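Trainee: One letter stands for each residue in the lines below.
Protein chains: 2
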Amino acid sequence: MTATIPESLGALRALVEPSIRGAIDRLDPHCRLVSGYHLGYWEADGTPTDGGGKGMRAAFTLLGARAAGARPDRAVPAAAAVELVHNYSLLHDDVMDRDAERRHRPSAWAAYGEADAILAGDALLGLAFELLAEAAEPTATWALRTLSVTVRRLVAGQTADLRFERRDDVTLDECLEMVRGKTAALFACSCSIGAMLCDAPAETTLRLARYGEHLGVAFQLVDDLLGIWGTPEVTGKPVLHDLQSRKKSIPVVYALGAGVAAADRLRELYLAPGELTGDQLTEAAALVEAAGGRSWTEHEAGRQLDLALAQLDEIDQLAGTDDAAPAPLPADVRAELIDLAHFVTGRDR
Amino acid sequence: MTATIPESLGALRALVEPSIRGAIDRLDPHCRLVSGYHLGYWEADGTPTDGGGKGMRAAFTLLGARAAGARPDRAVPAAAAVELVHNYSLLHDDVMDRDAERRHRPSAWAAYGEADAILAGDALLGLAFELLAEAAEPTATWALRTLSVTVRRLVAGQTADLRFERRDDVTLDECLEMVRGKTAALFACSCSIGAMLCDAPAETTLRLARYGEHLGVAFQLVDDLLGIWGTPEVTGKPVLHDLQSRKKSIPVVYALGAGVAAADRLRELYLAPGELTGDQLTEAAALVEAAGGRSWTEHEAGRQLDLALAQLDEIDQLAGTDDAAPAPLPADVRAELIDLAHFVTGRDR
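Going down the list, the protein sequences come from chains A and B.
For the first sequence, my numbering begins at 1 and goes up steadily by one.
For the second sequence, my numbering begins at 1001 and goes up steadily by one.
Hints were generated in silico from the structure; no laboratory data involved.
Among these hints, one or two may not hold up.
Stated by the list, open to error - Label-pair distances were calculated between CB atoms; the ranges are: (1) 1051/B - 100/A: 33 to 41 Å; (2) 165/A - 1278/B: 38 to 46 Å; (3) 1245/B - 274/A: 36 to 44 Å; (4) 49/A - 1051/B: 45 to 53 Å; (5) 298/A - 1029/B: 51 to 59 Å.
What the hints assert, rightly or not - Sample of chain B residues lacking proximity to chain A, with all beta carbon distances greater than 10 Å (derived): (6) 1141; (7) 1145; (8) 1203; (9) 1241; (10) 1283; (11) 1322.
Model, not experiment: these values are computed from the prediction.
Glycine residues also receive a C-beta, built at the ideal position from the N, C-alpha and C atoms.
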């Protein structure tokens, strides 16, 4: 796993960030302030920062354009759109989940109030469609449809996630389906929408979407592992945060369904009223591990990463088999897709 | 003013409602349940009703198609889209405004919780773009851009409305600008997007947008009058509701700025802490009237209606002046646009 930030993330920021900044400049001044704060462009009072997200979804979109043999700047509207959709969902999720912190700062609703965060989310979602609709490509209509289906899947994933909190019989399959909606859908969209906008062969676009879908699942599994065993410096959250909030994350749900003694004790802790003590949190983490939740999740994350990377091989194997077949991936694009896949599932920076 | 429901509203419901129902059928079951409840298709537990909104925005969109000489069904995706955007904004506004009632029933957040209402709003907004992106018209990209700009204006209007609540120096001009965003923008979009999708001459589309913009302002002014002097049976809200919630509606803001003795007493009541008594509410309504807030708003509503109708004359006056000029409005379309304009500003059904 790579410990350094891949080059594609830096290049991408230079290309896509101006488009996102230009988009939020179209908003009314207050909504622009809230949006730009959330995006990390300035402090709550408008003082500029050197922040901003990593933009990994945008990076995948620009790589998709290059996979289609196009210049990355052709996919900038799509790259900006996926980042805007990602940030719309963060804004609204933080309101719904009562998460008061995001990227080591107060989340938007905590800084400005709930209504402002809802409105900023709405605005970013609208801008995503606006930028794509402005793309002067006949393929934009397909990209728009993909983006809107993705929004539906995001909503379904968050709906399921919230409903799981009130149930104690959530199955691993249900949980994985929720992850596909909540996380993998936008990864799949990000990885394929650039190729789609640049008129790539259908097989290339499809394989890139599957690459993104598997990678998204792997990313979420790693995120769930970090939510229990990650250090606060890396996650930006308190230690054992996901256990404190009794989140039905994948390692926990696996452990609860493992049918071993550790599972029963874990269930007892998860059902107990009130805050868990530090000792109980440490015990819960050990129980998840003893019931196999950690090793299963680590193994599955690796398997999903392998499945993602196998999609790149499939593109190359299909190349040249008939007239409609895709071109092989340019060697540098292939290398960057592999690099970025390891980066987003490593999360060790 | 007409007291009966114009025919175009019934025809439109038969044409557009299946498209909206089909759209929400694409959502995950729970989000579909919340959305259909809000739309009036069923009770909170899913029991079907014979409800549903009037769909006046959709009616304007189909009339726009007919104004362009096209069959109304060509504009169904646009008509469904404007209704979906309208309902997304109602869902989110009710959360932000803490309005627990909508159309004589608990609002969606009151029935299901805040998160479900936020998610249903997000879903409907996404579906609006999805339906338009699926429209098999080369003009769909223009319609999409218009819709997304409208979302921005809606957000700006709601942002301003919420911020006005915390200020006691809001000017009439600021208030009217807020109304243009919060209400007139979607009216303008609804009235023009059908013509746009059906490739009407630019002048026709532009005039229909202006017709909608003026009509939207007139509609909101009438709504503000009903918020003070309407009966609960018509408005579905408690009597003097807007005064109880100290809303900065147009009649109130006009009155506060009128520089007369009644304005000072009204300001005193609006700034007083705690709930206003029944007597104080009656006094406040009388003060708004004494300061000229009622008559100015009534007069301005009439003026905006006249400006709206004058746009229809302009289309006919432009007709035939050169090759790019619009065709005159078909007589039946013209009659229905006039009828509907009186209906939405009468609000006496």
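Trainee: Could you run down the list of hints and mark each one as holding or not?
Mentor: For each hint, the structure was consulted:
{"no.": "1", "hint": "1051/B - 100/A: 33 to 41 Å", "result": "holds, 38 Å"}
{"no.": "2", "hint": "165/A - 1278/B: 38 to 46 Å", "result": "holds, 43 Å"}
{"no.": "3", "hint": "1245/B - 274/A: 36 to 44 Å", "result": "holds, 38 Å"}
{"no.": "4", "hint": "49/A - 1051/B: 45 to 53 Å", "result": "holds, 49 Å"}
{"no.": "5", "hint": "298/A - 1029/B: 51 to 59 Å", "result": "violated, 33 Å"}
{"no.": "6", "hint": "1141", "result": "violated, 6 Å"}
{"no.": "7", "hint": "1145", "result": "violated, 5 Å"}
{"no.": "8", "hint": "1203", "result": "holds, 23 Å"}
{"no.": "9", "hint": "1241", "result": "holds, 20 Å"}
{"no.": "10", "hint": "1283", "result": "holds, 31 Å"}
{"no.": "11", "hint": "1322", "result": "holds, 29 Å"}
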